[in-house]
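There are 2 protein chains.
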Amino acid sequence: MMTQTTRIWTAALIVVGDEILSGRTQDKNIAQVASWLGVQGIRLREVRVVPDVMDAIVEAVNTLRARNDYLFTTGGIGPTHDDITVDAVAQALGVPVVIHPRAHAILDAYYATRGGLNEARLRMARVPEGAGLIENRLSGAPGIHAENIFLMAGVPSITAQMLDGMTGTLEGGLPLLSRTVGCWVAESEIAELLRDTERNHDGVSIGSYPFFREGRVGANFVIRSTDTAVVSACATALSDALSALGREPFDGGI
Amino acid sequence: MMTQTTRIWTAALIVVGDEILSGRTQDKNIAQVASWLGVQGIRLREVRVVPDVMDAIVEAVNTLRARNDYLFTTGGIGPTHDDITVDAVAQALGVPVVIHPRAHAILDAYYATRGGLNEARLRMARVPEGAGLIENRLSGAPGIHAENIFLMAGVPSITAQMLDGMTGTLEGGLPLLSRTVGCWVAESEIAELLRDTERNHDGVSIGSYPFFREGRVGANFVIRSTDTAVVSACATALSDALSALGREPFDGGI
Chain H
31 MMTQTTRIWT AALIVVGDEI LSGRTQDKNI AQVASWLGVQ GIRLREVRVV PDVMDAIVEA
91 VNTLRARNDY LFTTGGIGPT HDDITVDAVA QALGVPVVIH PRAHAILDAY YATRGGLNEA
151 RLRMARVPEG AGLIENRLSG APGIHAENIF LMAGVPSITA QMLDGMTGTL EGGLPLLSRT
211 VGCWVAESEI AELLRDTERN HDGVSIGSYP FFREGRVGAN FVIRSTDTAV VSACATALSD
271 ALSALGREPF DGGI
Chain W
31 MMTQTTRIWT AALIVVGDEI LSGRTQDKNI AQVASWLGVQ GIRLREVRVV PDVMDAIVEA
91 VNTLRARNDY LFTTGGIGPT HDDITVDAVA QALGVPVVIH PRAHAILDAY YATRGGLNEA
151 RLRMARVPEG AGLIENRLSG APGIHAENIF LMAGVPSITA QMLDGMTGTL EGGLPLLSRT
211 VGCWVAESEI AELLRDTERN HDGVSIGSYP FFREGRVGAN FVIRSTDTAV VSACATALSD
271 ALSALGREPF DGGI
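Taken in order, these protein sequences are the chains called H and W.
Note that our numbering has the first sequence beginning at 31, numbered continuously upward.
Note that our numbering has the second sequence beginning at 31, numbered continuously upward.
Hints are not guaranteed to be accurate.
The list cannot tell twin chains apart, which means a pair is met if one copy fits it or any two copies do.
[Claimed, not checked] Straight-line alpha carbon distances no greater than 20 Å define the calculated SDA-like cross-link-like pairs of lysine to any residue that follow:
(1) 58 x 186
(2) 58 x 168
(3) 58 x 185
(4) 58 x 242
(5) 58 x 69
(6) 58 x 243
(7) 58 x 250
(8) 58 x 240
(9) 58 x 241
(10) 58 x 144
(11) 58 x 191
No lab work stands behind these hints: they were computed from the structure.
Please read these numbers as outputs of a predicted model, since none were measured by experiment.
With the rest of the complex left out, here is chain H (with noise of 0.2 Å):
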C-alpha cells in the first residue's frame, strides 16, 4: 500500500526558570507538554531550561520559534520582579508589551473577592502587543497566545489546566504511535536485532531503555512510528526474534 507523505508538526518548549538549574525543584512540565502534544499529533523536537535572564529567554524565544510550528513557554508569567518572560517575549517578536483588556477584567473580577487588583497582580495582564489569552480556571492570571507562541505557568497544575482548555484547539499530524517490547535480556546482546529490525520497517525508530528490576537484567524496546499496522507488524517481528534466540518477550504496552 502507498503511504502517503504526511507533514510532520513540531513544536519546542522553554522552561524558564531559576528554581530548575539550581536543582531545588525537579521539573514536572516538560513531561506533561511532551505527553499533551503528543496526543495533538504534535513533536516535541526541543526543550530548554534557561535562567530568569531577559537576553537568555530572547535568544531561545527566536532560535526555536522559527524552526518549529509551534513554542510553547513555562514560568515566569507571575506577579514578582522575576517573572519576565511576557517581556522577554514581546521583544522577541519586536512589539511593546500592553495591557489586555480582557485579562484586566478577569483578574479585576478575581480579585474582587482577594483584597483587589494591586500593581503586582496587574502585571498579569501583561501581553506582547496583539496577543490573545489561554484560559486559567485555577488561579485567574490567564496563560497569553502571541504568534506561534503560548505563554504557560510554572507552577504544573496550572499549566495542566491551560493545556487541557488547549486539547484540540492545534493542528497537528498523526499522532507518533508506540508499542513496547519488554525483554529479560541485556541490550548488548541483540543490539544487531534491534538495528536490523528497525531498518527493515520502513518510518520506524526502536529506541532501547535498559532497567535492572529484581536482580536481572532487562530492557525495554520502544517501537515508534504513525503508521498502526507498522508499529504492530515491527513489534511482532521483534517478539518472535527474540523468542526464536530462546528469550522471552513480553508485552510492555503502548
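We have chain H; now place chain W onto it with these hints.
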C-alpha cells in the same frame, strides 16, 4: 567590607533522549546534575533536551561548550544503534572515534562472567580521540571526558555514580548559597517588597515560588548569593518586613 570579585564557573547540560521528548520518561538527571554542580561551586546556566539525532546533538554541543566552562551530557552512550552521543561529540570536536584501551579492558573484565564482550558491548569503549574516562562502578561501561565535555549515562542511578566519582575533581568558584523564607501570603501582595529587598542587598537574587496547601495560599522566597552574611542579612530584612505587615514568615530551610 570590600568584596573580592570572584570568577563564576558555569556549566551546561545536554539531555539526549527521545524518551524524554516523547513524555514516556520523566527526566531525573537535570535535578541531580544541577544539585551536584551547585555543591562543586559551578552554576548550571542552561539545559537542552535534544532527540537522538546527530545534527541536533552536534549543534547543541558546539554552542554550549563554547560559552560555558563545562558541558555535561546524559544519555546515548550505551551499546545500541540509537546511542550516538560519542559520535556526535567527536564530530563536534573534529576528531575520529577510537577504542579506548582502558575502557576495552574494563569491559573485558566486566563481561568475562556475563557472556563475554561482543561487538555491541565493545561500542561502549568508543571515545572521541584523546578522551579520558569517568569511572562507573555500577555497570562497567565508563563515562567519557573529552576536553571540557563530560559524557554520562542516561540511567539516573549510573549517572549518580559517575557524578560521585567526579566530586571534588572540577575547579569551581564560590558555591551559590540560598536561604528560603516561607510565608502564608500571596506573592502578588508583596511583590514591591520583594523587589526592593533584592535591590537593597548587593549580589542577591530573590526568587518567588507560590504554593497552595491546606486551602491556603503561600510562597517560598528563595534568597541566593555567594556571601553567607549577605544571605542572612537579606533573609532577616525580609522576615522583619513581612512581620511588620502582620504576616508570619517561617524558616523555609537552606
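Tested hints:
Taking the shortest alpha-carbon separations for residue 58 and residue 186, both the intra-copy value of 6 Å and the inter-copy value of 16 Å come in at or below 20 Å. For the identical chains of this complex, residue 58 and residue 168 are intra-copy neighbours only, at 18 Å inside a copy versus 27 Å across copies, given an alpha-carbon limit of 20 Å. Taking identical chains as interchangeable, the C-alpha atoms of residue 58 and residue 185 lie at most 20 Å apart whether they share a chain (9 Å) or sit on different chains (18 Å). Proximity of residue 58 and residue 242 under a CA criterion of 20 Å is satisfied inter-copy only: 17 Å between copies versus 24 Å inside one chain copy.
When the C-alpha separation of residue 58 and residue 69 is checked against a cutoff of 20 Å, the pair qualifies only within one copy, where the shortest distance is 18 Å, while the shortest distance between copies is 23 Å. Only between protomers do residue 58 and residue 243 lie at most 20 Å apart by alpha-carbon distance; the minimum there is 18 Å, versus 25 Å within a single protomer. For the homomeric pair residue 58 and residue 250, the shortest alpha-carbon distance between copies (18 Å) is at most 20 Å, but the shortest distance inside one copy (23 Å) is not. Taking the closest pair of Cα atoms, residue 58 and residue 240 come within 20 Å of each other only across two copies (15 Å); inside a single copy the shortest separation is 23 Å, beyond that limit.
For a Cα distance limit of 20 Å, the shortest separation of residue 58 from residue 241 across copies, 15 Å, qualifies, whereas the shortest one inside one copy, 22 Å, does not. Taking identical chains as interchangeable, the C-alpha atoms of residue 58 and residue 144 are never at most 20 Å apart, the minima being 28 Å within one chain and 37 Å between chains. In the homo-oligomer, the alpha carbons of residue 58 and residue 191 lie at most 20 Å apart inside one protomer (14 Å), although the nearest pairing across protomers, at 24 Å, exceeds that limit.
Of the numbered hints given earlier, the model fails hint 10 alone.
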